[in-house]
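With these hints in hand, go ahead and build the complete structure from the sequences.
Residue numbers (my numbering): 1 to 1015.
Hints are computed from structural coordinates only; laboratory data are not their basis.
Within a straight-line C-alpha distance of at most 25 Å, the following computed DSS-like cross-link-like pairs (lysine-lysine) qualify:
hint, residue 1, residue 2
1, K754, K810
2, K604, K731
3, K810, K678
4, K908, K672
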Amino acid sequence: MSAFETPPPALDATALAELARRHWGLSGTLSPLISERDQNARLETDAGRFVLKLSNAGEDRGQLAVQAAVLRHLEAQGLAGIPRLIPTLAGGDAAEAETGFGPGVLRLVTWVDGPLLSGAARSIAQLSSLGAYMGRLTRALQGFGHPGAFRPGFLWSLDNASDVADWVDDIADPGRRTLVRALFARYGARIAPRLSGLRVSVLHQDANDNNVIVDAADPGRVAGLIDFGDMAHGRTINELAITLAYALLDAPDLYAAARAVIAGYVAEFPITVDEAEVLFDLMRMRLAMSVCISSRRARENPGNDYLTISQAPAFALLERFDRIDPEFMVALCRKAAGFDATRGAGAVRDHLGRLAVSPVVLPDPARAARIAVLTDGTHPDMPAFSDRTFDGWLAAQRPAGLPDGVAFYGFGPYGEKRSVYAADQFADAASPERRTHHTGIDIFAPKGTPVHAPLPGKVLSVTYNADPLDYGHTLILEHETPGGVPFWTLYGHLAGTLPGLAQPGQRVAAGDLIAHFGDWHENGGWSPHLHFQIMSDMLSQSGNFFGVGHESLWDVWSDIIPDANLILRLAPESFAVDPEPPADLMARRARSIGPSLSVSYDEKLKMVRGQGPWLIDHTGRRYLDAVNNITHVGHCHPHVVAAIARQAGILNTNTRYLSELMLDYSDRLTAKLPGDLKVAYFVNSGTEANELALRIARTATGRKSTVVLDWAYHGNSGGMVDVSPYKFKRKGGYPQPGFVEIAAFPDPYRGPHKGMSAASGQAYAADVARCLDALRARTGSGAAAFIAESISGVGGQVVYPDGYLAAAYKLVRAEGGICIADEVQCGFGRVGSAFWGFELQGVVPDIVVMGKPIGNGHPLAAVVTTPELAARFANGMEYFNSFGGNPVSMAVGLAVLDVIEGEGLQQKALATGAHMLGRFAQMAARHSLIGDVRGRGLFSGIELVRDRATLDPATEEAGWIVNHIRQQGVLASTDGPLDNVLKFKPPMVFGQNEADILCDALETAFAELAARGRA
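Below, the structure is given as structure tokens:
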């Protein structure tokens, strides 16, 4: 007979005491202990406390041998808190004794001190300690084996769960029968096929509250484990599953309790991802087996009500779990075990981080005006999104002056904690914690706003989720990474147009119209907006998905539902309110900064970040930079940034010390120049470079007189303002210096000599001869230098007529003067067909001045001249520059050349510039306000006139257009003597897509001007 069929031993205390004395030589006080099949008693002696264990006569002797072997093994492994087997006086592990129903096995083990877990107050720390202890036990049992541990058909082995599946019929309650039957079906379909691939070992299998010992001084620490009677060989993960099953009974927060046990366990004994994925189901199967076995025994013993009463905690736990998504629990187990919550989370994030995406709504929300609609009290007057007055509040936030046709969005953040989720659908059976953290990104815009597919995919579901504060009309698309990993996007709060636009199984392409924003009556009862989110796993959901998650489980939810900004790619400032917006900064600036330092645009901009051709303001709005020629290779180019950081971390000092970097950069830079331009000087700005260039010319010639072009600008120092008519001839200026002569501006559009012909160039150059004559008459000597931008910037983006510089240079050199090319704005490949602007004129200057683009915004500039002029400059007066040529600046200069060459930016400037100029010409054919289109490569301009015959400048209109396209998210400015030229000098990474954005914005502005009767 088995131990279940044989009555347990029932010896009296005297008989037990005699057995202890006879076999172990111990005498003391005996106290009975509760046992289901055996007879146990605590023995207190002078030598210590022990447990005397007399086995059931029907007990399998092999199982007793396993227990003895395990206790010896664990003692050798040093695992604390485990009973230690005491040898008999004869040296054996046990003795034989009569039980009254046949012979049994008598053993003596040490008493494990401390209260039982069943009597201790529960805490998360205690559960973590329980998991850790069981992890140590599992680790200690690795490598242990014993023939007796193999127990085929053992009822309490999780490996044999299917053996009790038929006993489901013994469960009295029909609803509970259905629940448990579903668990066995899921187990058979999804878990049992995976078991053969899992690790195996010998298991304790019974870490229930009455077998776990806690520290008497610290009940939060598990100190030991007793009762090894259910040991068997099985899947290693069963140990944790069984521990979980007992630990979660009556736990108020199942999520927190499960995480604590699992995390504690894997800290001591890591589990595999496959084990993590079956853990939740195995835990439930332990409970299912328990209620099936107790139901069968209740049927076999109809008078024993205790058998069914003891089921209550197990059924209660199973019923709580039945009200939550089982795949969420699988995800939680994965995360607690140290893995991503879903198998696809990492692959989806990686894929979306590299993927080109289309805007979900148009205009592109990345470029639109916006407000962060935060629910954290930032906007104390903001109604709830479910309050119909929210629509009016949002409309009132639209920036003053924003044109009607320009989009304005409100953005609700991913991960935001929202108190609005108070309805029952946000409650949870497993935890008292409500789901309050937003799992998507909200885009607020008017009802009917079109929604577009950001990625190609397939329609998974089209559903109407009608509960109040649910999604209303809902669309879910299925996508796939190149590696075959599926993921999904959800679009909630849609309009009733949805079913007509998308049907399950339908393929959609990126950019396809898939839905519209719904109104209050059809979108779940919210202000019109789109709830957009990504799912790396659909869990067990269909047609709907969680839109909020628990704060304490956010690491799990954020794997299941990654940040939707992986697709939307909105700047983080889109979801925050800047504590110091532009108006506040302007007030501070008025107190701290000189008022002569100007700020662009009627509505001031605060830029916080840059990337390529884009600038990002304090609201997170991306502006296309069509005017900043300083950041030549793009804002924050990573290669340039890395060069700065790398060299700054090594050395930065002045040029008193030798450095290969200066020489390397000088050689590489001068190799880009023609003729004998081989000697370089490095300074910090274009202004300083022009100062040095004139100093070289004046020293070499012994003269000071200078010929400059009208409306020229060469820098902001006193010396440079003297040679910049753009400055000294305007408001706040002063009379023309006596050593300066101003040559006529060679403007082929507005000047006296029209067109780009050589004849026009010669005619303008004749005025240089006049200047030279005037200087000679006034000073008695010729000019020291003729300095000119190779293409005029502040003069209005003017490209000179053919042959102009060649003729001017010839005249100047004939009198011993030096020809200086100011390439501060147009050099380094910007003109596209040449690396330097002067090459367009077929000349080689005596001195070339470089600045702005040379360092991509880093304070670097250069002067390059000939060895002969450099020698004449070295007249005994030392030239030194504290910062010019420092190692960091040299590293930056080299990095900029790397990017220009490596990314083919000169060729890109040629192609993009041709595209832009072509579109400008098309606009000119439609808009009479455009008088002239001019430029080369990415150095271009549009001159606006009210009358093409009189050339009456459209100065006011030019300013209006600049501000209008700024409101559309495109940055440009005006220039020219009459401030009527739209100028475009974007970063060289500007491509045709960016050019089209610029041109489309211009088209919109011109069209609105025309509608107003002003174009």
